[in-house]
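Residues per chain are reported as follows:
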Amino acid sequence: MSQSIRDSLDHCVKCTICETQCPVAAVTPLFPGPKYVGPQAERYRDASREGSPDDSLDYCSGCGTCTLVCPQGVKVAEINAQARAVMKAQKGVPFRDKLISRTVVGGRLSVATSPLYNWGIGVGALRWAAERTVGIHRRAPMPHAARTTFRTWVWRRNLTRRRVRSTHRVVYFHGCAANYYETELARRTVAVLEHQGIEVIIPRQECCGLPMQSNGLLDEARASVRRLAAQLAPYAREGLDIVSTSTSCSLMLKREAREILELEDDPDLRALAPRMFDICEYLVGLYEQGKLQTQMQPVPLTVPYHPPCQLRAHNIGTPAHRLFELIPELRVIDPNVTCCGVAGTYGLKAEKYDIAMAVGAPLFAQVDGSELACCDSETCRWQINSATGVETVHPIELLYRAYGLE
Amino acid sequence: MEAIQTEVLVIGGGATGLGVVRDAALRGYDTVLLERVDLGQGTTGRFHGLLHSGGRYVTRDVEAGKECALERDVLSRIVPDAIEETGGFFVTTPVDDPDYADAFARGCVDAGVWVDEIEPALAIAEEPRLNPRISRAFRVKDGAVDAWKLLWANARSAQQHGARILTYHWVTSILREDDAVTGVIARNDLTGEEVRIDAAFTINASGAWAGEIATMAGADGVTVVPGKGIMIAMNHRLVNTVINRCDPPGDGDILVPVRTVSVIGTTDTEARNPDELEITHDEVQRMLDAGEVLVPGFRNTRALHVWAGARPLFKDERADQSLDTRHMSRGMALVDHERRDGLRRFLTITGGKFTTYRLMAEVVVNAMCEQLGDDRPCTTATTPMPVSAEDGATRVGARLARRERNLHDEKVVCECELVTRGLMVQEIDRKPLGNLDDLRRVLRLGMGPCQGGYCAHRATALVHERTDISAGRAHELLHRFYEYRWLGLKPILYGDQVRQAVLDEWIINGTLDLEHLPREVSR
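Residue numbers (the numbering used here), protein chains in the order written: chain A, 1 to 406; chain B, 1 to 523.
Hint data in this document are derived by calculation from the structure and do not stem from the laboratory.
Hints should not be assumed to be uniformly reliable.
[Unchecked claim] Cross-link-like lysine to aspartate or glutamate pairs, in silico, EDC-like; alpha carbons within 20 Å at most:
(1) 91/A to 404/B
(2) 66/B to 116/B
(3) 411/B to 19/A
Produce the entire structure from the sequences given, and follow the hints as far as they go.
So this is what it looks like as structure tokens:
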């Protein structure tokens with residue numbers, strides 16, 4: 001365990017605030033709570049000699065709420081992530097977890113076979129079979145694959161050279177989800193940035209390793225995030241900012257890879273971290289400098305907006321709220337719910353699906369019946385959409401409409 | 001007055017006394033043990049928990065090294081569930097005498113202490129927090145002992161052979177008939193009643209208090225100087241192997257991983273009274289500095305509790321008076337009062353060290369058999385002790401594993417040390433007159449980072465529920481427990497433990513207003 005995380009354990013005064021805020025412990029007795037599995041249980045773990053005695057640790061969804069609310073600075077979620085990885089290393093990672101954490105392979109396959117794949121994920125019998133054989137819950141949210149990847153669009157765009165050239169350049173880190181599933185979001189992000197007169201650079205990019213990390217495959221996660229960091233770091237060193245529409249993936253580059261994967265000294269990650277921005281965080285920054293286009297048309301909608309737990313872990317507040325204020329006639333409701341439950345891949349797992357749905361239930365109740373819902377994180381959007389049937393979009397999509405770029 | 005007849009009476013419920021009572025009981029004697037408070041409340045419950053490989057003694061006292069090497073193996077065999085075989089290292093740090101390592105290695109060979117020199121890099125690979133600048137490293141067979149668990153195993157073993165173990169019994173006078181000790185009068189502190197015990201033979205095994213008892217029996221000049229040693233428990237296992245400085249014995253040269261903490265120890269200063277051991281700021285700083293030498297960053301880790309124990313250092317003012325000096329060189333002292341004072345049927349055993357307590361018991365009971373003309377061989381080294389009912393082996397993960405099995409069935413009372421309601425109830429029902437500190441010694445209640453801040457009131461409520469004590473008495477139990485905890489907290493209040501102490505204070509006095517609750521003070 002990395003020393004800074006380990007040392008933070010000593011700060012715990014057992015105040016129990018994390019336990020009262022943990023969305024998972026609130027709905028299931030299977031998870032004994034963040035204080036228990038974190039600072040308390042860690043005192044008993046000598047995995048190298050005795051193995052990990054507490055399988056209940058695996059019911060942590062990794063949403064990070066505990067770390068966020070801890071008034072003493074204990075990195076509870078990070079402790080749990082590392083302890084879980086040790087446990088998985090000893091007991092073996094299930095095939096299912098290996099499968100769902102390979103986003104690049106999965107993304108390529110689903111795009112290549114997209115008509116078949118998109119049909120398949122909607123067929124109850126097939127989903128039932130997948131639950132029985134692999135352990136992915138039959139009702140778990142699965143995104144539809146795009147017909148062609150976002151990278152293909154980038155490649156074509158580069159051929160036609162129809163893109164904005166400017167001295168104000170940013171790098172777009174789209175991540176896997178926007179490449180294989182939500183390509184429209186990626187294209188609209190480019191459009192919104194170009195609308196500000198910004199030149200958008202879209203380099204090749206590897207998976208950030210987060211799905212592997214949260215499934216206990218730390219070595220694979222390290223290899224992947226280092227490849228990604230090597231792809232993006234040259235731009236950061238050049239002084240370019242990097243923006244992302246994926247909150248959890250950008251959090252990896254901001255700090256999680258260095259903390260949880262113990263890559264504190266990786267020079268590429270160190271160069272990247274201070275230049276890594278959530279897209280809304282970046283746009284608010286522009287706004288504060290008077291550089292954001294504020295000419296917008298009304299979007300007469302009432303939209304429940306759920307800032308996901310992974311965004312909160314950025315410690316940047318909820319920048320999307322600032323942007324929404326600029327959009328005429330847009331009314332935003334904050335459901336004030338900690339987590340939608342899915343927490344990346346947690347809610348896909350057969351044994352955890354019901355927990356994830358229970359965690360998200362208060363959110364779904366408020367989203368139900370809306371015309372449109374909004375959330376920064378892709379897996380959360382899929383979860384909300386799957387649970388409520390309400391179309392759920394990234395905040396950028398609302399800006400895109402407001403700018404009249406449709 | 002209640003009267004008890006017995007063959008052998010043992011005074012003192014520490015390791016030595018329990019070793020003696022078990023030894024005598026196993027040899028078929030009818031036995032009674034008296035302890036003025038609870039078992040292991042004296043020196044035995046206040047050491048660092050090290051089961052010596054013998055390495056610490058080899059350069060000064062080869063015999064002591066030899067005895068430790070043999071005895072640690074004996075204890076491993078007869079009471080494995082109280083011992084964690086952590087292994088140990090002797091490491092030469094940059095501030096240690098570099099020549100000592102060779103003398104140490106030779107000494108180990110001479111004393112028959114198992115030792116294996118390894119590459120310092122290997123030691124660091126196994127213990128990543130160890131000072132990276134060590135120049136030599138030796139592997140030895142050190143272990144960690146849960147002293148209370150071992151004591152209770154001893155007690156149960158003796159009880160299975162008929163021993164009666166009476167705690168909270170103060171010896172108020174020693175009975176004599178002419179030149180023979182014939183028993184004692186004791187006061188039961190829980191009931192206030194007096195009890196007379198007539199014994200054919202009395203063994204004084206009261207450690208640092210042995211001088212007092214000997215004087216009471218009429219043997220003057222038996223001086224036992226309390227050698228004060230302080231120890232600090234740091235949160236977490238900073239190391240999983242016992243770490244010794246490869247240097248002549250000095251302050252803070254040992255770091256022992258015991259259960260969920262690492263204990264740094266110790267000091268050695270003469271004290272006046274074994275019941276009043278003051279812990280000074282300077283001593284604490286010396287320990288923390290010493291810890292820093294073994295584990296860089298030690299000062300930044302969280303100190304949970306500090307305590308002091310009193311080594312019994314025997315100094316006879318009448319040394320020429322033919323006491324049995326055969327064992328003096330090894331730190332243990334057997335005082336034959338018949339030869340020394342003309343006092344029959346009375347022996348004193350004191351000095352020594354925890355690791356060799358069984359041997360001390362064997363030595364004194366042998367001497368008793370010799371005086372009684374009995375030929376009854378000692379069997380304590382080959383008779384296993386009963387396994388503890390609590391949680392099996394002493395391993396760091398044992399309680400977490402146990403908790404995982406009963407996660408949905410049982411409530412936890414002490415969160416830090418994972419003491420469940422079931423364990424508490426079992427122990428309260430066994431000793432309904434006990435106080436919270438008695439529960440602590442058996443269960444580790446309140447010994448974790450919050451030092452009872454979150455569990456003591458829950459434990460008090462359980463005692464109130466299971467026994468018929470009044471509310472006032474319950475308040476008193478709680479109050480006294482916090483008072484004891486505070487003694488070990490005040491000298492180490494820095495860093496994280498200050499914040500904990502403040503929060504605990506809010507709970508205890510802000511929420512519970514314990515200071516102003518009516519308390520019924522017992523005897």
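- [ ] Mind checking the alpha carbons of residue 66/B and residue 116/B for me, to see if they're no more than 20 Å apart?
- [x] holds, 16 Å
TODO: Decide if the proposed pair is consistent with the structure: residue 91/A and residue 404/B, CA atoms, cutoff 20 Å inclusive.
DONE: holds, 16 Å
Task: Proposed proximity, residue 19/A with residue 411/B (alpha carbon, max 20 Å) - done: Holds, at roughly 16 Å.
The earlier numbered hints are all upheld by this structure, with none contradicted.
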